[in-house]
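As a plain string of letters, each chain reads:
There are 2 protein chains.
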Amino acid sequence: MTTSKQLFTHISSEGQLSISLNEVEVAQPKPHQVVVRIEAAPINPSDMWPMFGPANLAEAKLNDDKAQLTAPVHERLLQSVRTRLDQTLPIGNEGAGIVVAAGDSPEAQALLGKTVGVLSGAMYAEYICVPVQACIAHNEGVTPKQAASSFVNPLTALSMVENMRLEGHKAIVHTAAASSLGQMLQRICNDEDIPLINIVRNKEQEDILKAIGAKYICNSSDENFRADLYKAIDETGATLCFDAIGGGEIASHVLTAMELSGTKEITGFNTYGSEANKQVYVYGGLDMSPTTLNRAYGMTWSVSGWLLNRFLARLEPKRVGELYQKIANEINTTFTSTYTDEISLADVMDPATILKYNAKKTGSKFLVNPTK
Amino acid sequence: MTTSKQLFTHISSEGQLSISLNEVEVAQPKPHQVVVRIEAAPINPSDMWPMFGPANLAEAKLNDDKAQLTAPVHERLLQSVRTRLDQTLPIGNEGAGIVVAAGDSPEAQALLGKTVGVLSGAMYAEYICVPVQACIAHNEGVTPKQAASSFVNPLTALSMVENMRLEGHKAIVHTAAASSLGQMLQRICNDEDIPLINIVRNKEQEDILKAIGAKYICNSSDENFRADLYKAIDETGATLCFDAIGGGEIASHVLTAMELSGTKEITGFNTYGSEANKQVYVYGGLDMSPTTLNRAYGMTWSVSGWLLNRFLARLEPKRVGELYQKIANEINTTFTSTYTDEISLADVMDPATILKYNAKKTGSKFLVNPTK
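Chains as they are written, first to last, in my numbering: chain A, 1 to 372; chain B, 1 to 372.
Only chain A is shown next, with the shape it has when bound in the complex (with noise of 0.2 Å):
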């Protein structure tokens, strides 16, 4: 177990994308380590810009050895990735195992042969050495698929809440909102009695988001979305949305409904619109278009990246804990999450199943599983 079968991405300034399935060593574990072989790995939206930066993947192609697999990077595109040129990086940002062998002190030892979810950046490998802190250390019983999603959906949906509560709002408006994601944060919203307002664009993504107990869903294929939406944020107060498509006029409607519910029973002038600030937090990018704002809602709104690494900066170390152990306690419950295809470390670098796993299609999650 001195070596390791591991996934690094590299992208040469002159503009070609090299995914290569390489062998490296495992470190040992110092006191506060422990080595985990890995056994579930999921391929999230946040693991695409990593891997791939802007190549065309259209064009990928496998080397003759199946152990490379390359694709062109448009030269005009490169600026965006000037950071990380030239560089072989490792990839996977979250994952789940077996702690194989562990340091000397207590905390790394009370892991040994036990189900860890990790965060690491460095998942899609055969064994990883990491900080006993970057683990949440799981339940007798719980699988390593079941704990592969411990972190990123989790931790996120949980942050929603907590920013939430955090600033004030009393309801929460969240787009995409039948991801595995906004399903997690459907649950939690029902175990707390908090008004959750879901924005689909489909009648398959309501059915999901109706059999886990959704009260509010909003369709923005429907003819009437808007006035939907309006009713929805009127009856709960929403003044916080957390969205995940980013571009186009989307957070732009979500603000002129919060407005005109706020303004409602204001005469006089109302030059400068609501007092109750309304902010949307866009954390993902779906659709990478621009972000449109007609700014039809005074003067006191706020849309802002958000990113759950610097939210959680923001709470208590110890609150943390209790959401990790929280996690850990619900993982086939509120955190349950599903695979559609579970692959190996060298399908990961297939052209045909990148297209798939790349297309972010609601309902269809891959799993990286590299003991196959």
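In short, the hints are calculated from the structure, not lab data. Everything numeric in this text was worked out from a predicted model, so none of it was measured. Please note that the accuracy of each hint is not assured.
A pair counts as met if it fits within one copy or between any two copies, since identical chains are not told apart.
As the list claims (entries may be wrong) - Restricting the straight-line Cα-Cα distance to at most 20 Å, the calculated cross-link-like pairs of lysine to any residue (SDA-like) are: (1) 372 to 137; (2) 231 to 79; (3) 360 to 286; (4) 66 to 22; (5) 318 to 152; (6) 5 to 98; (7) 231 to 83; (8) 264 to 87.
Dock chain B against chain A, hints included.
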């Protein structure tokens, strides 16, 4: 002095704007109130929307007796002024005059005979009764004309600097920077050694700012604008922008330059961009077209509305008092304003004059003198 001529605005639900010059009673001052004979009230960009809403001013007409101006409001625009329909409302955000009567309290009595700047929303009038708290008492020898713009521009410029400090930024980017407000901000920044990056759109505006000692001026009409902007932002470390324009891509260009500067020494993925919060506050709407954000600046950015009164509410009352005193002491230096035209209350309703003061041209500034 029991009655006063005063301008009022009215938009009917049938879609007609009316501006009228009416005779109204002046209230007797209560203990903490004073009556001010208004001698000078500026026409600020922030007065335009309350006065005219979305009326089509190209079709404005004076009635035969010249006591009322009317203009049509297109039906589809009535929604944007729904809270004020069918109400007769006063206009004129700020101005200055002489205190001619005062309530019994020592604070009110102390103002008798003095020049005061007033913030009231009803300053296009001969007389007004206001609370002492709505006044800035000026020093001996200051005329109402010199004191006319004591609130909106001086407090906004001072608040931008307060805001910068409160949120830990070290420099400011300002758009439409050759305005009266922009010049005040430059003078404050000169005094306090704060790097200020002025964005203007022509040579004349550059010259205005150069003449008062501006170091960083970026002309958006120049071919090298974005390179110049980057250089200035990189040199100053600016992560805060106050934007008077609102529409178009300027906010996005500023954020892009901040991001490029913030990540110039980073290596590796840089998936989520620079760590510093990059903040644009939109405080005006010189361009009413949508704001377009390309989001090429990682996940730590924010574009927000900004409103003077809501910002001032974040400061200690003591600090606000200090700002008032600074304004009184520096009304003829840091906070000096110049006016190109002085008009009567009746002139405010003249269709040709309206087109001039509504043009918001740099260098052109109108003052209403109700004693004319």
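Hint-by-hint comparison with the structure:
Taking the shortest Cα distances, residue 372 and residue 137 never come within 20 Å of each other, neither inside one copy (24 Å) nor across copies (80 Å). In the homo-oligomer, the alpha carbons of residue 231 and residue 79 lie at most 20 Å apart only across protomers (17 Å), although the nearest pairing inside one protomer, at 44 Å, exceeds that limit. In this assembly of identical chains, the alpha carbons of residue 360 and residue 286 lie at most 20 Å apart only when taken from the same copy (8 Å versus 40 Å across copies). For the identical chains of this complex, residue 66 and residue 22 are intra-copy neighbours only, at 12 Å inside a copy versus 86 Å across copies, given an alpha-carbon limit of 20 Å.
For the identical chains of this complex, residue 318 and residue 152 are intra-copy neighbours only, at 19 Å inside a copy versus 45 Å across copies, given an alpha-carbon limit of 20 Å. For the identical chains of this complex, residue 5 and residue 98 are intra-copy neighbours only, at 16 Å inside a copy versus 84 Å across copies, given an alpha-carbon limit of 20 Å. Taking identical chains as interchangeable, the C-alpha atoms of residue 231 and residue 83 lie at most 20 Å apart only when they sit on different chains, with a minimum of 19 Å there against 45 Å within one chain. Taking the shortest Cα distances, residue 264 and residue 87 sit within 20 Å of each other only across copies (16 Å), while inside one copy they are farther apart (55 Å).
The structure fails to meet hint 1 from the earlier list, while all remaining hints are met.
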